[in-house]
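All chains should be built: construct the whole structure from the sequences, respecting the hints.
So the protein lines, in turn, are chains A and B.
Under my numbering, the letters of the first sequence match residues 21 to 676, in that order.
Under my numbering, the letters of the second sequence match residues 21 to 676, in that order.
By construction, these hints were calculated from the structure, which means they are not laboratory data.
We treat Cβ as the ideally placed atom computed from N, Cα and C, and that holds for glycine.
Among the hints, a few may not be true.
Stated by the list, open to error - Straight-line alpha carbon distances no greater than 25 angstroms define the calculated BS3-like cross-link-like pairs of lysine-lysine that follow: (1) A:LYS655 with B:LYS280; (2) A:LYS280 with B:LYS323; (3) B:LYS225 with A:LYS225; (4) B:LYS67 with B:LYS323; (5) B:LYS323 with A:LYS536; (6) A:LYS404 with B:LYS280; (7) A:LYS655 with B:LYS110; (8) A:LYS64 with A:LYS254; (9) A:LYS102 with A:LYS26; (10) A:LYS404 with A:LYS365; (11) A:LYS232 with B:LYS225; (12) B:LYS42 with B:LYS293; (13) B:LYS655 with A:LYS42; (14) B:LYS323 with B:LYS102.
What the hints assert, rightly or not - Far from chain B by the CB rule (all over 12 angstroms, computed), these chain A residues: (15) GLY116; (16) LYS225; (17) HIS237; (18) ALA269; (19) ALA289; (20) ASP321; (21) ALA327; (22) LYS335; (23) GLU339; (24) ASN405; (25) ALA652; (26) THR664; (27) ALA671.
Number of protein chains: 2
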Amino acid sequence: MPAPLKIMADAIRVLSMDAVEKANSGHPGMPMGMADVATVLWSKFLKYDAADPAWPDRDRFVLSAGHGSMLLYSLLHLSGFKAMTMDQIKAFRQLGSATPGHPEYGHSPGVETTTGPLGQGLATSIGMAIAERHMAARFGADLVDHRTWVVAGDGCLMEGVSQEAIALAGRLKLSRLTVLWDDNRITIDGAVSLSDATDQLARFKAAGWAVKAIDGHDVGQIRRALAWATRQDKPTLIACRTQIGKGAATLEGHHDTHGKALGTQEIEATRAKLGWSHEPFVIPDEVYRPWRAAGRRGRKDRKAWEARLAASGQKADFERAVAGDLPAHAFEALDAFIAKAAAEKPAAATRQHSGAVLEQVFGQVREMVGGSADLTGSNNTYVKNTQVLDAPDYAGRYVNYGVREFGMAAAMNGMALHGGVIPYGGTFLVFSDYARPAIRLAALMGVRVIHVGTHDSIGLGEDGPTHQPVEHLASLRAMPNLNVFRPADAIETAECWKLALDAKTTPSIMALSRQKTPAVRGAPAGENLSARGAYQLAAAGHPAQVTIFATGTEVAIALAARDMLEADGVGARVISVPSFELFEQQPADYQAAVIGETAVRVAVEAGVKQGWERFIGEAGVFIGMSGFGASAPDKVLYPHFGITAEAVVSAVKAKL
Amino acid sequence: MPAPLKIMADAIRVLSMDAVEKANSGHPGMPMGMADVATVLWSKFLKYDAADPAWPDRDRFVLSAGHGSMLLYSLLHLSGFKAMTMDQIKAFRQLGSATPGHPEYGHSPGVETTTGPLGQGLATSIGMAIAERHMAARFGADLVDHRTWVVAGDGCLMEGVSQEAIALAGRLKLSRLTVLWDDNRITIDGAVSLSDATDQLARFKAAGWAVKAIDGHDVGQIRRALAWATRQDKPTLIACRTQIGKGAATLEGHHDTHGKALGTQEIEATRAKLGWSHEPFVIPDEVYRPWRAAGRRGRKDRKAWEARLAASGQKADFERAVAGDLPAHAFEALDAFIAKAAAEKPAAATRQHSGAVLEQVFGQVREMVGGSADLTGSNNTYVKNTQVLDAPDYAGRYVNYGVREFGMAAAMNGMALHGGVIPYGGTFLVFSDYARPAIRLAALMGVRVIHVGTHDSIGLGEDGPTHQPVEHLASLRAMPNLNVFRPADAIETAECWKLALDAKTTPSIMALSRQKTPAVRGAPAGENLSARGAYQLAAAGHPAQVTIFATGTEVAIALAARDMLEADGVGARVISVPSFELFEQQPADYQAAVIGETAVRVAVEAGVKQGWERFIGEAGVFIGMSGFGASAPDKVLYPHFGITAEAVVSAVKAKL
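Laid out in structure tokens, this is it:
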């Protein structure tokens, strides 16, 4: 290896092993193994300016093998990202540092996405590459013209989501995307061959990728391969044959370097072997110099780009899109829709209302890019006459994700992280389980993605229990920083969509019915009542003895039960609860007033009880599901499972 | 197509379109498209005897494309499975029928697994094929010598789990496994090419499969391909080029046949085109005759097999294994372990206790087959000196699943369904999200699989929030028919493992700590206290004013808080809650006694509050997490998030 590149790469190795040693926790093997590839990439190819980590036209670098976080932290520190000080490196894996165990979006500039859950960095990067092409089509190559580079390990490629991602990338011909596979033939349990015999090059090729294998420690091969990647008309895989823990005195190539500190003796011997005489966390100027030069390489490009932006007629639009701000009149048409719904009280499935809402807002909010995991007609996610996002021009705003819920959700995260796009995507609510790991990352990162989950209960009918969510509302509500919306009618659906679009740092999931349900709201109050999370939809006529809480299609059941109770002289209020999370954010006195103090409290939801105790207390009545559903028409299932107004009434009467 | 085969296949077509029409719901396209392939398979190759659907040495047929359920129901009816009467066919998709919308295990003999959630039938079949090879290695080819056949659609192959499955099958050289891919180039949204351009043959080949493409409507090609499959030394993919809705008068090849009734006009025209003059649900004798002969083809084989079993010295063992019964002395060594733990009170991580429990029970229960998704050392799932399950002899009892949590969970389902194997497998608890769709199917089907989820809280420390479960206990507890265990020490860990192994129709997940925790239980009561779900671990010294509920590593915190309160003269009981689910199954008076009536109730768990209201009521105190974790040593994180004995005490005092 040529001298400057060698010491640049060795600096990564030494920083990584020293930081892991100091923390007595972490993964030195991968950063040491991929140091050479990363050094060539960051010093010769990656378009970035360490002085402006947020430059919108920078290349995106994704460390999908997130356990190798010290590779990324070393690169950020060495190349001069201001926030990544040596003190932060020393605080590796300590509370509040910019250097958590796995890279976390938002903790440090230069960390483009949170990684660690394997396969997802790769799958997220597909979304970044889609967003890049889409933004390029919208704003032109003068403003958007960058690449996405991914470092992935064997674990990433074994995870199923990697297949969803590479198939989608291949289909969309995302030529700005390059995966650098750390082909070190080692996993935690030992040799990759213990559990895998896949010909990865052939596999990627089958998915429509251009592929190449190189020696990941040969600078010439690395350079040529990276240059080659930039010339392809499809996504590219470079299999970098490396030794895990490269440079380690005795453990080079050994899986013991993967996930723990090397130990003082090995570290001392490794220093000697590398000819690295400096103390831990001391980087000499002759190393900083070429690295800082690398970190400045993009400055000229950035300045030129800034000049182009300043001169562009699209400047305001571009900046607003990248900032994630909605346009001024985003909800004008939607507000008219709400007024109309208040007057006309349309009865329909809430998925249909959702489709109607999209018709009102999709044209106003140019950043919205929709899609579905092959359930477009069922999810009502497609807005008439929308062009499909596809090669070669990518200007379309609808993605055919295929039967890939997890890949879709991860790609949506990538789009949101890239900026300039507000992604939404649909599947059946029950299959949110498939996408759950990516929904969790969205919640953890705090990015605005909107999941459309239709067919939200046994009300979907004949498809049966495999397709009927029962525990999903509860399990999604359990997740921090995820807004779970279950609107009851057209107005609530519109309100919830507004809330989801306004939630810049919180992902949302909309639970929507397959089956028709009546309108429950009258004239709009001017206020977005759903923003309260829960609100009194119907007051008691007689003195209130009963409070009935419900969501979605069960709100109509609650109202029917109320009418029956009132007819019998029993005062009953109805509370619609479109979002548990937003209700928790209300002032305590509002919460107390909504919950009230009636003798009997009942909740109705075609799901499990878990979580409803918050509303109905220990002694409350729950009308819902206690097990899995069944295959039959919805009109049969609701009575079969005892979710009816009559059941509410008789349960209430038993308590009075 | 030769005459008898043609009318046999047409019978499937007509039954499928008629049943969907009657239900006005369902998927006729796939059964019509795959009728020819299925007819050849079921009449010439599949080893089965319709008179004995439970014959252990039958071939397994898995309809991974579960929406095409009428294909399977037609095959079962026509070939003479007694339970699949014509009345059941007429009751397609109606409540309580043997013919739900998607095939459901347990609803009808001949349905080997529940399918519908795409990709999972395929992934489950890998487990069946593993179990077959393993049982063959254990009992010999005289008793176990069958194949697994899978019908999969484009959706199955797009789902990421399919990659995990085919890579594992390829690595393990599961030559008794054949996938018949319904290559109809149609998905719900339209042409497959809208979202996919994968060369599936090349992809499977890259995973180590033998592959072949045929015309799925050409009997000669189908026969030759099926015969070819039985001769390969690796798993086989047969790409069957078909037309969806084959035979339909005007809609042949159109995606409109996929998911809805064809309509009376199209059906009438289709009858004419096929030359099928019979009324709906009327099958003439000339069709039943060859089909019933097909259903009897395996009878001689079965009788011969029964004779071999009767003569076998392994008969009792084989029958016990297949019945899923534990051997008589399964827990003898484990009971000694419990007695020892009661005396010695070992402090260790509960994952280590779990490893120690496995050492005691794995040798006694020969059916147990372990594994891990590449976290063997962390999950403590490997029992010393266990042979790895691998080609060519498959006698080993430990599977290197690779970084494939979902694939592992689905394969475990397949092993359990096959019978003769009790599978357990490990990953980090947080990555149960990756496996969640397969855990749900296990719960829905009621099969005994045991998930080992280590690193069960922020107590895992430095790996940070991507690896720290917070909402997982709640989200898993929300799922019906899943036992979630979170044991507190060695004795509870042993008790919970016993319960999991005894739960023949319920899957379990063990939440186990990474960090060390003290013993909390003294001399065993003789009773398995964990079987109660929750029990009083420590009584109050002073008159009880406080009840503290806790699980796992937080039980020690609860006990410490109790001691501090008692020292201040405040009587406090401690309730250990290893399983919410089992507690719910206790008599009401037991539940009431455990919950008690103290003035203050507190729960301590390093997870979200959701679900704990059941124990602490509306006014209760919860000491736990309300958001995601952080990267830092566990000794820092617990105080940081306020999960300490001191926090419990001060919260209690504020309430008293």
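Quiz item: Beyond 12 angstroms from chain B, beta-carbon-wise, is A:LYS225?
Solution: Label violated. Min Cβ-Cβ 7 angstroms, cutoff 12 angstroms.
Quiz item: For A:HIS237, is the shortest beta carbon distance to chain B beyond 12 angstroms?
Solution: Holds, since 24 angstroms exceeds 12 angstroms.
Quiz prompt | Restraint check for A:LYS404 with B:LYS280, where alpha carbons must lie at most 25 angstroms apart | solution = holds, 22 angstroms
Practice problem: Take a quick look at whether B:LYS323 and B:LYS102 sit within 25 angstroms of each other, Cα to Cα. | Solution: Satisfied, since the Cα-Cα distance of roughly 19 angstroms is no more than 25 angstroms.
Quiz item: Is A:ASN405 truly not at the interface, in the sense that its beta carbon sits beyond 12 angstroms from all beta carbons of chain B?
Solution: With a cut-off of 12 angstroms, A:ASN405 remains clear of chain B, as the shortest Cβ separation is near 16 angstroms.
Quiz item: Is the straight-line distance between the alpha-carbon of A:LYS102 and that of A:LYS26 25 angstroms or less?
Solution: holds, 24 angstroms
Quiz item: Taking 12 angstroms as the cut and beta carbons as the points, is A:ASP321 off the interface with chain B?
Solution: holds, 33 angstroms
Quiz item: Is the Cβ of A:GLU339 more than 12 angstroms away from each Cβ in chain B?
Solution: Holds: least Cβ distance 31 angstroms, greater than 12 angstroms.
Quiz item: Should the label of A:ALA269 as a non-interface residue stand, given a Cβ cut-off of 12 angstroms to chain B?
Solution: holds, 23 angstroms
Quiz item: Given the hint that B:LYS655 pairs with A:LYS42, does the C-alpha gap stay at or below 25 angstroms?
Solution: OK: B:LYS655 and A:LYS42 at ~16 angstroms, within 25 angstroms.
Quiz item: Taking 12 angstroms as the cut and beta carbons as the points, is A:ALA652 off the interface with chain B?
Solution: violated, 4 angstroms
Quiz item: Would the least Cβ to Cβ distance between A:ALA327 and chain B come out above 12 angstroms?
Solution: holds, 39 angstroms
Of the numbered hints stated above, those contradicted by the structure are hints 2, 5, 15, 16, 25, listed in ascending order.
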